[in-house]
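Trainee: Using the sequences and the hints, build the whole thing.
Take the sequence shown: its position 106, counted from the start at 1, is 106 in the UniProt record's numbering, and no numbers get skipped.
No lab work stands behind these hints: they were computed from the structure.
All C-beta atoms in this analysis are idealised placements derived from N, C-alpha and C, irrespective of residue type, glycine included.
There is no bait here: all hints are sound.
Derived Cβ-Cβ restraints for the label pairs, each shown as a range:
(1) S12 <-> N67: 13 to 23 angstroms
(2) I24 <-> H76: 30 to 40 angstroms
(3) R70 <-> S11: 18 to 28 angstroms
(4) P93 <-> R71: 16 to 26 angstroms
(5) I44 <-> R20: 12 to 22 angstroms
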Amino acid sequence: MYKHILIADDSSTSRMIIQRCLQIIGFSDAVFFEAENGIEALDILQRHPEIDLIITDINMPKMDGANFIRRLKTDHSFSQKDVVVISSVLSGPLIDALQELRVKAMIKKPINPQELYQALREQKEA
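Mentor: Okay, here's the thing in structure tokens:
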């Protein structure tokens, strides 16, 4: 079970909804970290290597989710972290690119707790 979760999304409302969904599906004891963009997320990861799950949006300012994941996967310190993408812009070419980056779970917004639960369960089994 994940204990330290980073949520990267430029919308504070989306971050709150994702955190609430995680609490509903059994992560109420987790410690949550929040970032508004990929640059902030990388900074938080540097300061908190205990983070074991990263949930990110794609459309974010300064550094978008796709570039954030690319940076993450090329840094040996973070390349094995579990990543879930939750975004409204998931499409064929983007899905292919994210799969190449070893993102195992992708969820289209709006999110519901059951879909997130299923994605995290499948990811842990993979």
